[in-house]
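Student: The primary structure of each chain is shown beneath.
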Amino acid sequence: MQMIRDNNWVLSVGTFLPMLGVIALLVTPKANEAAIKMVALLTSVATVIIGIFTLVNFDFDQAGAMQFVAQTDWIPVIKSTYFIGVDGISLPLYLLSMVVTLLVVIYSLDHIPSPGNPKAFFILMLILQTGMAGTFIAQDLILFFVFFELVLLPMYFMIGVWGGEQRQYASLKFFLYTMFGSALMLVAFLAIFFKTGAESFAIPYLVENGGGIAKNVQVWIFAGMFIGFAVKVPMFPFHTWLPDAHTQAPTQGSVILAAILLKLGTYGFVRIAIPTLPDAAIEWAPWIGGLAVVGIIYGAFGCLAQTDMKRLIAFSSVAHMGFVMLGISTLTSFGVNAAVFGMVAHGLITGMLFFIAGSVKERYHTLEIAKLGGMLTQVPRLGWILGLCSMASLGLPGLAGFWGEFPAILSAYNPADGLNVSVYRTYMVIAALGTVFAAAYLLWLYQRTAFGTPKGHDHHDVHDVTTYEWVAWLPLLVAIVAFGVVPNLLFGVIDPAVQETLRAFGG
Amino acid sequence: MSLVASSAAAWTAPVIDYHALAPEIVLAVGLSVVLLVDLFTAERNKWLLSVLTGFTLLGATLPVLTLAIHDDSVRSLFEGRYVVDEFSLVMKGLFLLAGYVIVLLSSAYVEEGDYWRGEYWFLLLTSLLGMVMMSSSRDLVSVFVALEFLSIPAYMLAAWRKRDLRSNEAGVKYFLLGVFASAVMLYGMSLLYGVANSTLLVDIGESIDLDGDFAAVQALAVVFVVVGFAFKVSAVPFHTWAPDTYEGAPTPVTAFLSVASKAAGFIALVVVLLTAFPAGRDVWQPFVWVLSALTMTIGNVFALRQTNLVRMIAYSSVSQGGFVLMPLAVAGGAAGDAALRAVVVYLVVYAATNLGMFGVILAVSRKTRSSDIASLGGLFSYAPALGVLLTIFLASLAGIPPLGGWIGKFAAFQALLTDATPWAYVLAVIGAVNSVIAFGYYGNVMREVWMRPVPHGDNTPIVTPSSLQIALGITAVATLVLGILPGVVLHFGDIANLVGAFGG
Chain A
1 MQMIRDNNWV
11 LSVGTFLPML
21 GVIALLVTPK
31 ANEAAIKMVA
41 LLTSVATVII
51 GIFTLVNFDF
61 DQAGAMQFVA
71 QTDWIPVIKS
81 TYFIGVDGIS
91 LPLYLLSMVV
101 TLLVVIYSLD
111 HIPSPGNPKA
121 FFILMLILQT
131 GMAGTFIAQD
141 LILFFVFFEL
151 VLLPMYFMIG
161 VWGGEQRQYA
171 SLKFFLYTMF
181 GSALMLVAFL
191 AIFFKTGAES
201 FAIPYLVENG
211 GGIAKNVQVW
221 IFAGMFIGFA
231 VKVPMFPFHT
241 WLPDAHTQAP
251 TQGSVILAAI
261 LLKLGTYGFV
271 RIAIPTLPDA
281 AIEWAPWIGG
291 LAVVGIIYGA
301 FGCLAQTDMK
311 RLIAFSSVAH
321 MGFVMLGIST
331 LTSFGVNAAV
341 FGMVAHGLIT
351 GMLFFIAGSV
361 KERYHTLEIA
371 KLGGMLTQVP
381 RLGWILGLCS
391 MASLGLPGLA
401 GFWGEFPAIL
411 SAYNPADGLN
421 VSVYRTYMVI
431 AALGTVFAAA
441 YLLWLYQRTA
451 FGTPKGHDHH
461 DVHDVTTYEW
471 VAWLPLLVAI
481 VAFGVVPNLL
491 FGVIDPAVQE
501 TLRAFGG
Chain B
1 MSLVASSAAA
11 WTAPVIDYHA
21 LAPEIVLAVG
31 LSVVLLVDLF
41 TAERNKWLLS
51 VLTGFTLLGA
61 TLPVLTLAIH
71 DDSVRSLFEG
81 RYVVDEFSLV
91 MKGLFLLAGY
101 VIVLLSSAYV
111 EEGDYWRGEY
121 WFLLLTSLLG
131 MVMMSSSRDL
141 VSVFVALEFL
151 SIPAYMLAAW
161 RKRDLRSNEA
171 GVKYFLLGVF
181 ASAVMLYGMS
191 LLYGVANSTL
201 LVDIGESIDL
211 DGDFAAVQAL
221 AVVFVVVGFA
231 FKVSAVPFHT
241 WAPDTYEGAP
251 TPVTAFLSVA
261 SKAAGFIALV
271 VVLLTAFPAG
281 RDVWQPFVWV
291 LSALTMTIGN
301 VFALRQTNLV
311 RMIAYSSVSQ
321 GGFVLMPLAV
331 AGGAAGDAAL
341 RAVVVYLVVY
351 AATNLGMFGV
361 ILAVSRKTRS
371 SDIASLGGLF
381 SYAPALGVLL
391 TIFLASLAGI
401 PPLGGWIGKF
411 AAFQALLTDA
421 TPWAYVLAVI
431 GAVNSVIAFG
441 YYGNVMREVW
451 MRPVPHGDNT
461 PIVTPSSLQI
471 ALGITAVATL
481 VLGILPGVVL
491 HFGDIANLVG
501 AFGG
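Top to bottom, those sequences are chains A and B.
Take 1 as the starting number for the first sequence in our numbering and just add one per residue.
Take 1 as the starting number for the second sequence in our numbering and just add one per residue.
Please keep in mind that the hints were generated in silico from the structure rather than gathered at the bench.
Given the structure is predicted, the values throughout are model-derived calculations rather than measurements.
Even glycine gets a Cβ: it sits at the ideal position worked out from N, Cα and C.
There could be a bad hint or two in this list.
[As the list claims (entries may be wrong)] Which chain B residues face chain A? A few, computed with CB under 7 angstroms, are given here:
hint	residue
1	I400
2	F439
3	W450
4	G487
[Unchecked claim] Computed footprint of chain B on chain A, listed as stretches where at least three residues anywhere in the stretch have a Cβ under 8 angstroms from a Cβ of chain B:
hint	region
5	70 to 82
6	173 to 179
7	398 to 409
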């Protein structure tokens, strides 16, 4: 893999800038809330500016190459290096993590969840940002692992302190599931390290040498990684932490979880598990595809059964990540392209849906679908935004969701060599049925909450979209439409990197 | 008789390398001075003693540093019975610094009690001297003497609160089981001497031969010695003294026992296994494997059920001991170096983290006067700094990057996977699962700190004495630095020539 080392400070600055913000926040007095919000805002704006600089300097003609590569000694004794870089797969996710954090900070300026304490809240959010961005740029397994774990504690506290009624249960469940996965993942990382001659943890090195491991060993190592990433995605049957965590998390936590954290798992499959262990990937792919379609259908049925709007959106994530995993499981560049697009699209759309759910809760003090209704007459702008996002989520052509979902289904028609075609075509049919269910639950949701007449007349503080909300949401809405109309904005960046990643499978 | 006579005739005074012994000498002088000063100072000036103890420990660290930077890296004294190499210097440094932090943790505690302060500092220094000696001992006799040297003052320290029944119970339990362990170990050692006709560990290593005539006796000896150490490091099923002793002993003493005393036990175990028993690994590797799996699991399961903070820490420390044993289960094979490094790294990281946690507990209990986990409720809301520190230490113990603890666990896993046998993989998976279970109770404490209301709505702030603040600062910085730049400690642990060093 080609390495471009220009501007190699950019990624480190972009990733660790939030930590500077954390230090600044630590010395800011707790009582001075205005200053705290200002520091958090400035930090995330500065981070996004660095992100834009990264984007501008990214060489799009070589999106398949690692760019802004920096490599220096970190833990020489175990041959782990501080090795970072981005290619066309990481770049969109890396930038998404920065933008989403900024938007969430903007939203929080006006919406600090109970019990308050913005200082701690913003500190956790900025630590999360470092962990998320770092995971997407790490090119060394140990570095990846450290960043991957760095997001755990802040999210645990975000859910546990600022969450809903069942927050303590939900946060512990989230934590234990993820930690269980990552413990086995670490063992798998060590195993691949030793099986490739204990030379290096660098991902490019392992991609080159991982294929030489005996197949039955590969299958076991893949199993460890699979559990680590599948819990994070989450794939059926490891998904049960997700509805609880999403429902109980504060709005900001849900948005970050949906938009970024879930992608850490799918990204892990694309970046690490599949390219480093190609033989095992072929063995595992049908099972992954199978679990993916089970997830699609199960998530859809789960949605149909929900009475709580936030929980419904959470279950829809299980279904959508099923499409992403189905695309990945085909091991074709077509499928993986769709999957990476789906990751970004799901991040934008579901992040947006959670924002809306938070605002609905704030206005109506309930998320129970049966108690909502008539949003279009009472809060028309919010209602229309919900409509747009529901359509995007169900995969309406012309909006971003379509380009994640439709090509993923299509790719199952023709999986990579060595995979059983008839099995995948069955998956394709089931997944296509899943889109029908998706339309059903989203339209049903929309119909029950937005149409009709408003229920309950004691909502004095029901107001339409506020300025803070507009500022936080508009970029997401614009992106949903823009990527929907011109998908090549994204595919153009992703595709060369996907081709490079899947070299072991002949394209 | 003739043997004794002939060796008596040949006896000449050994050449003593005073530089190599300087840390021990400083400690010995220091503890005598503490004892003398205690006799001749008025009650209101007793604070001098803690200062003296602290200076003694820092003073003893100086020669450790000069020895470390000296070119002559291995100094072998008394025909190889007492060796100062990099490994022993790292451990001496660890004991002395951990001792210093314990002095910082104890000084306010000791000043505020009405007990025998002079004796406290004297016993602490004596026990630390034993540990420093243990790091260098490479002979059955010096190992045993060092072990008793460090244990006996510790028995007394555990029972230091003379009028407190629990403290008495702690001391007596610790003493009885400790002596029993010593007896078992001594029996094993006597068998070893019978086999090898030498007490030097290297000689024993050469004469152990499990295919030879005395295989059964040798195997028995190995097992007895390992069992003796298993008591000292509170490995399951020899851990039963730990919870009661930890709970009853004064809190700073508990910190001392769970960190320094435990580390000394592991050091002795490592040295004996790697130098005296390499040929006996078919006996002790499976034995340590079982001990490790049991210790991790049982320690965790019991820790989950505790409502008393110190008891929980006791079981957690039992379980952490299982993680230290984990790499030793493969230490006899190709993974020997990796295992040794893992043990050293784990002990260093664990010392920083655990001492820090005890620091927070001492600070909080000054206000709450309770050791229930529930007494930590809402700590973050009224003492955010202590709350965050406690979170850092707990997360480090749970092994969450980028805090120190993860590198210890990582090194242990690394050693197991270097060995690459199926049994090693199984133990690695058991360890991985246990590190998740452990978060159950560490997370429970975090939940109390962050998410629960303050008991009785008592929001009075906590006054932390400056010595305690310094201790917390040192341990927190160490925990963070070890986690983010683990190269520092891994370098210390990277002592490839440990075994080779003993021959001289």
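Student: Tell me if chain B covers the region 398 to 409 of chain A under the three-residue, 8 angstroms CB rule, please?
Tutor: violated (count 0)
Student: Establish whether the coverage given for the region 70 to 82 of chain A by chain B is satisfied; the threshold is a Cβ-Cβ distance below 8 angstroms, and no fewer than three residues must meet it.
Tutor: holds (count 6)
Student: Is the interface hint satisfied for W450(B)? The criterion is a beta-carbon contact with chain A at less than 7 angstroms.
Tutor: 5 angstroms, holds
Student: Report holds or violated for chain B covering the region 173 to 179 of chain A, Cβ cut-off 8 angstroms, minimum 3 residues.
Tutor: Holds, because 3 residues of the region 173 to 179 of chain A bring their Cβ atoms closer than 8 angstroms to Cβ atoms of chain B.
Student: Let me know if the C-beta of G487(B) comes in closer than 7 angstroms to any C-beta of chain A, holds or violated.
Tutor: 5 angstroms, holds
Student: Restraint: I400(B) near chain A, CB-CB cut 7 angstroms. Satisfied or not?
Tutor: 6 angstroms, holds
Student: Against chain A, is F439(B) within 7 angstroms by beta-carbon distance?
Tutor: 6 angstroms, holds
In summary, the one numbered hint that this structure violates is 7.
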